[in-house]
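> Work the whole structure out from these sequences, hints included.
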Amino acid sequence: MNSQHPRLRELKFTLHRIFRNPSAVIGFVLILFFLAVAVFAPYIAPPQYAHNPYLMPHKGFSPTPKPPNKTHIFGTASGQYDIFYGVVWGTRTAFKIGLFVVGIAALAGIALGAISGYYGGIVDEVLMRITDIIWAIPTLVLAMTIVVAFGRGLDKIMIALALVGWRWYVRVIRSEILTLRDQDFVQAAKIMGVSDMKIILRHILPNAIYPALIMASMDMGSMVITASFMSFVGLGAPKGYADWGQMVALARNYIVGPPDDPLKFWYTIVIPGGCIVLFVLGWNLIGDALRDAFDPKLRRR
Amino acid sequence: MLAYITRRSLLLIFVLFGVSVLIFGILMTFSPERRAATFVTSPQQAKDIPRIIKQFGLDDPFYIQYLRWIKEVFKGNLGWSLVASRPVSEAFWNYFPVTLEMNLFAAPIVIIFGIWLGTLSGIHRDTWIDHSTRILAIVGWSLPTFLFALVLLMIFYGYFQILSPGVISDHLSMFILDNPDSFKAYTGLYTLDGILNGRLDITLDALSHLVLPVLTYVIVVVALNMRVMRSGMIEELSKEYVITAVAKGADQKTIHIKHARRNALLPVITVAGQLVALSMEGSVAVEVVYNRHGIGWWLAESAVQLDIPVLMCICLFMAVIFVITNLTLDILYAYIDPRIRLQ
Chain A
14 MNSQHPRLRE
24 LKFTLHRIFR
34 NPSAVIGFVL
44 ILFFLAVAVF
54 APYIAPPQYA
64 HNPYLMPHKG
74 FSPTPKPPNK
84 THIFGTASGQ
94 YDIFYGVVWG
104 TRTAFKIGLF
114 VVGIAALAGI
124 ALGAISGYYG
134 GIVDEVLMRI
144 TDIIWAIPTL
154 VLAMTIVVAF
164 GRGLDKIMIA
174 LALVGWRWYV
184 RVIRSEILTL
194 RDQDFVQAAK
204 IMGVSDMKII
214 LRHILPNAIY
224 PALIMASMDM
234 GSMVITASFM
244 SFVGLGAPKG
254 YADWGQMVAL
264 ARNYIVGPPD
274 DPLKFWYTIV
284 IPGGCIVLFV
294 LGWNLIGDAL
304 RDAFDPKLRR
314 R
Chain B
8 MLAYITRRSL
18 LLIFVLFGVS
28 VLIFGILMTF
38 SPERRAATFV
48 TSPQQAKDIP
58 RIIKQFGLDD
68 PFYIQYLRWI
78 KEVFKGNLGW
88 SLVASRPVSE
98 AFWNYFPVTL
108 EMNLFAAPIV
118 IIFGIWLGTL
128 SGIHRDTWID
138 HSTRILAIVG
148 WSLPTFLFAL
158 VLLMIFYGYF
168 QILSPGVISD
178 HLSMFILDNP
188 DSFKAYTGLY
198 TLDGILNGRL
208 DITLDALSHL
218 VLPVLTYVIV
228 VVALNMRVMR
238 SGMIEELSKE
248 YVITAVAKGA
258 DQKTIHIKHA
268 RRNALLPVIT
278 VAGQLVALSM
288 EGSVAVEVVY
298 NRHGIGWWLA
308 ESAVQLDIPV
318 LMCICLFMAV
328 IFVITNLTLD
338 ILYAYIDPRI
348 RLQ
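Residue numbers (the numbering used here), protein chains in the order written: chain A, 14 to 314; chain B, 8 to 350.
Check each hint, because a few of them may be wrong.
Covered by chain A, per the in silico footprint, the following chain B stretches (three or more residues, Cβ under 8 Å) [what the hints assert, rightly or not]: (1) 17-28; (2) 139-150; (3) 290-301.
Interface residues of chain B toward chain A, partial, derived using beta-carbon atoms under 8 Å [said to hold, decoys possible]: (4) Ile183; (5) Ala307; (6) Phe329; (7) Val330; (8) Leu334.
Because the hints were derived from the structure by calculation, they are not lab data. Backbone N, C-alpha and C define an ideal beta-carbon position, used for all residues, glycine too.
Right under this line is the structure:
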């Protein structure tokens, strides 16, 4: 045990802590399941339109949803879109949104936060004041405004959310780095003549990255929620695109069935809605477990 | 203290200026033709577009257009809303009470429940109380507001047929429209106006329309408050002054409520600003689904119909609310925690 690199040993301990937590296991199982569905989507639900597999196949144009049957195991939504197909390919859409938005936001935020925290001075002042400005408008409101300016579409929603999402990471990484910057090991590295770039990447970031990782995990969920809400409102992809938010929008007029059977169309909302909730829940459970595992106050108890 | 407040207030002005430039900049990415098109009401007028661009100076440099716009904003002229088909500033006061009313009912519940449940789970850490509030928090956090609202509507409006969407029942809103003299809108809040006008039925009706929106909102938003309170409580309970209090034989309840909780409340105040931002986002989804014509609904509708002046107005409004809340919180924080004030 003692021969191992200390960082490796800590990682092992962390993994042990994470997987001791039952909610983390549930979270990982959920996300692995969705990941499998996303990867094997072409086999689970063979696309009908070769040029764009994200288009949901639909037979006819009848606005009334049809209940689950042999050919459509989850039923069809308003406009006769196959719910099963939409849910399967919607998983890919969700991963696309989450990975793109969180990837860009986290990278940009961590880079800017590291620069701002490490160098301080005028760079810090300028970056922080810009962050203050962007911080003043709620995510959803600012993202919606950007989508309006860029024009509708799922790709625009993703860009807008990435443009808004980085501000969280900047603040978190910066405050982490401010506490690390003046510690002895950083000073020692400086005296030994290690380059700034190397100090940040090798010595500071590995110690400051955990809060950002936790946040990224939570963000995977919340960004998918925000994106699906914008799709729901009608700012997303054109009708028929496999996207959970839009499928909920298709169900919107059918939440109340005929008087004798008010829950007749339950499947149109519960199935795509359930996917959103489970996807987000998975990421949040992972994030919560990461927090418990990385929090130095709770770690060794 | 005074210097602190002055510094924060100056920052507030700077942030608001920045926000106005940012929002104006984002919406200036529209070509002059597209912005001119919002003045056009019929196909015949389309040939007037070049004239409109000239007349309103839509192809002037950025700073000239910005200065022109900000001058009008200070005069109280925020432009014309297509969605509301009236001036933005006038429409704003029409929509604002609806949002305000919901938040007035939801905020106390969120604060009280969050603090109460957070304290409980902090004290009884790793017991069933803690685990169940943790599950409540994670599930609430994972529920998209709009989806949860739709499901509640499906159950309570569709299945039980007891609560309906909207702000007030149709027959009552017709009555108010027909008899503007007998029902005066003193505040714009139906629950309060009902009492002021002596029409308790209207108050009760408005309250019944508030049940689902407030419920949705509380369950989705309460998690943040609760979790912060919990970790604050756990941290405080492990401190030495608590051990001292236990050692000298102080009453358990006194230790929890008087000693630990007062200190654990501090981090809750720091996230209150975040809570305000969350509730603004939450009110968009709630208002869209429950068809309550408030600020959030107006925003969503304007985004779909490209009602640019409204987007600008709402962004500015939210920034003002956010910045003022944060300033208040900072002052409050400095007041409560002398360590900050004396630095």
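> Confirm or reject each hint.
Hint check:
Counting residues of the segment 17-28 of chain B whose CB falls under 8 Å from any CB of chain A gives 6; the rule of at least 3 is met. Counting residues of the segment 139-150 of chain B whose CB lies closer than 8 Å to any CB of chain A gives 6, which reaches the minimum of 3, so the coverage claim holds. Counting residues of the segment 290-301 of chain B whose C-beta lies closer than 8 Å to any C-beta of chain A gives 3; at least three are required, and the coverage claim holds. The restraint placing Ile183/B at the interface with chain A is violated, with a minimum CB-CB distance near 26 Å, outside the 8 Å limit.
At about 5 Å, the closest approach between the beta carbon of Ala307/B and any beta carbon in chain A falls short of 8 Å, and the interface hint on this residue holds. Given the 8 Å rule on beta carbons, the hint for Phe329/B holds: about 5 Å separates it from the nearest Cβ of chain A. The beta carbon of Val330/B comes within 6 Å of a beta carbon in chain A, closer than 8 Å, and the hint placing it at the interface holds. The closest approach between the C-beta of Leu334/B and any C-beta of chain A is roughly 11 Å, which is over the 8 Å cut-off, so the hint fails.
Of the numbered hints listed earlier, those contradicted by the structure are 4 and 8.
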